[in-house]
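Novice: Residues per chain, in single letters:
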Amino acid sequence: MDLSLLKQQSRFEWHIPPFGKMLVPGVIYANEMLIRDMDMKVYEQVTNVATLPGIVRASYAMPDAHWGYGFPIGGVAAFDPDVGGVVSAGGVGFDISCGVRALRTGLTVEELQPVKEQLAEALFHRIPAGVGSTGKVHLDRHEMDAMLAGGARWAVGKGFGLHEDLEFIEERGCMGGAKPECVSDYAKKRQQDEMGTLGSGNHYLEVQQVVQVFDREVASIFGFREGDLVVSIHCGSRGLGHQIGTEFLKRMAISAAGYHIDLPDRELACAPINSEVGQEYLGAMRAAVNCALANRQIVTHLVRQAFADLLPQATLSLLYDVSHNTCKVEEHVIDGTPVRLFVHRKGATRAFGPGHPDVPPSLQAVGQPVLIGGTMGTASYVLVGTKESMSLAFGSACHGAGRSMSRHQATRQWHGREVVRELAARGILIRSPSFRGVAEEAPGAYKDVSEVVDAADRAKLARKVARLEPLICVKG
Amino acid sequence: MSYAGTNVQSPMQPNWEHFPHQADMGVRGIGLTKEAAFEGAALALTAVITNPAKVIPTQPVTVACEASDDELLFVDWLNVLVYEMATRKMLFSRFEVHINDHSLHATAWGEPVEVIRHRPAVEVKGATYTDLLVKQGQKGYWIAQCVVDV
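Residue numbers (this note's numbering), protein chains in the order written: chain A, 1 to 476; chain B, 1001 to 1150.
Source of the hints: derived by calculation from the structure; they are not laboratory data. Treat the hints with care, since some could be wrong.
Stated by the list, open to error - In silico DSBU-like cross-links for lysine-lysine, where the CA-CA straight-line distance does not exceed 35 Å:
| # | chain 1 | residue 1 | chain 2 | residue 2 |
| --- | --- | --- | --- | --- |
| 1 | A | Lys460 | A | Lys21 |
| 2 | B | Lys1139 | A | Lys189 |
| 3 | A | Lys136 | A | Lys116 |
| 4 | B | Lys1135 | A | Lys136 |
| 5 | A | Lys136 | B | Lys1139 |
For reference, chain A alone in the conformation it holds in the complex:
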């Protein structure tokens, strides 16, 4: 990105003053190196989002921002329904409520070593992953609607997981306002065999080691310390979310002109929040959020089963579950007044700080865990929300490393088989049905996650708590 187009506010905050049809400025949180490496498309997309009706305060980009569809991936924008604000299917994306959950195992690396290979195989065989895979849970029409209304609560009611898990899932495991009747039969059919599946691409299941703790007090409240094993699950609403995204993107792209919305990019497809299509999208999108929460809950259950066979002493309690492709109704203070806003996070993690009512009571003193997924060869991070984040970017932070290289470039540079061998030599076991898939997801195809997380930390979007490194990685 051309730095001369930006106005530097601080070392980690850069502004794009409004021009043309922009209603608010663009704000990018990153260091100079990350910004230089960002594609100019990110600049274009941040400024395009700033033109959408009812946008409040600014169009934000997180430190991991990269070229997305309409919105940049790593984009955050909030809209006020009382001034014609919009909801955007493009602003949420195809993989609605894709997210990360982390489980404490109560185990140390030493306990894993004797059964590491067996556990990798057990996880790979128990958790369906990749193209053509189907879950063991098949939903009829009635159960599908119950799942879409109930989310992880529905899953727990069906015996997948524990009631205490719900406390540590955003929305307490169930997104209110879901309308299964707004979800098409096509979307439901696409999901009927996909519950409890991981998907493919950048989705993963990892067994990780806590290798470094930056904040012992918060880590203690989160319930882990150096040397502990953690399980992380990264997946979303599967085919149902993809189909809802596809259908509403088209509806909104077509209907925009009727609402006098001038779309600078068709992928920014949106509709007024207080419109029929806007309300139907919100009902369907919230149902997809519940689908993602239920999906991660079922995968969690399968993980617990795999551990029970090999490491029965494992506790596998839920640290937290975050979604990073969402639109949520939240109250934020604008010019000293609390306002109800529709906050879009597209590849961005909610990062509410201490004292926020949506943070579980046991974490109120410190803030919510912010789970940042890395790559299969580098690291993931646990951060904690900050009070400052609320006024910086509506309580949001980055969501991952962010790609720095296309899939084509990656497959030209690496062979999957070699990536697997090299990682195995470093003690990281990869299990995947596709070597090409592994090459496309090679660690070198991503930005330096540590650089991204440091920028988020230094910008005060969220604060670093711990660094986790993978020991086992199951990819779809």
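Since the structure of chain A is already known, use the hints to place chain B on it.
Specialist: Frame of chain A, contents of chain B only:
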């Protein structure tokens, strides 16, 4: 470009190719007719997932869609295929497309996914409006392209 395929109409010209997108993949079909370009792009879609040469075109599936313009029709066409692949757990490698105004009828031939043989790299979530283009170029060739989310 890491993949490109040949055209039955003109073996010297590739009838599909991929173009780069930072996070995902661009698919492009090229042909003497709009229909051929749509068919080529469908093959490029399969090539995002696996090598199309590994997919045996035994089982026909008929599909149809309509849209208000060529570009929306093209995205609908790819999304119909994404839907059929997802719900039937199939991959396709041969396509026959008929377009009348903005109404499309097509047959796709393929087979059920076999993980060991096809080694599918990634599933496609949906076709997007990013870098979307359907047009006839100066030399008469049609191009149909967009980025697909994986």
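Novice: Holds or violated: Lys136(A) with Lys1139(B), Cα cutoff 35 Å?
Specialist: Outside the cut-off at roughly 52 Å; violated.
Novice: Given the hint that Lys1139(B) pairs with Lys189(A), test it: the Cα-Cα distance must not exceed 35 Å.
Specialist: 43 Å, violated
Novice: Straight-line Cα separation of Lys460(A) and Lys21(A) no greater than 35 Å?
Specialist: 30 Å, holds
Novice: Straight-line Cα separation of Lys1135(B) and Lys136(A) no greater than 35 Å?
Specialist: 45 Å, violated
Novice: Lys136(A) and Lys116(A) were given as a pair; does the straight-line alpha-carbon distance stay at or below 35 Å?
Specialist: Measuring from Cα to Cα gives roughly 25 Å; hence the hint holds.
Comparing the model with each earlier hint shows violations of hints 2, 4, 5; every other hint is respected.
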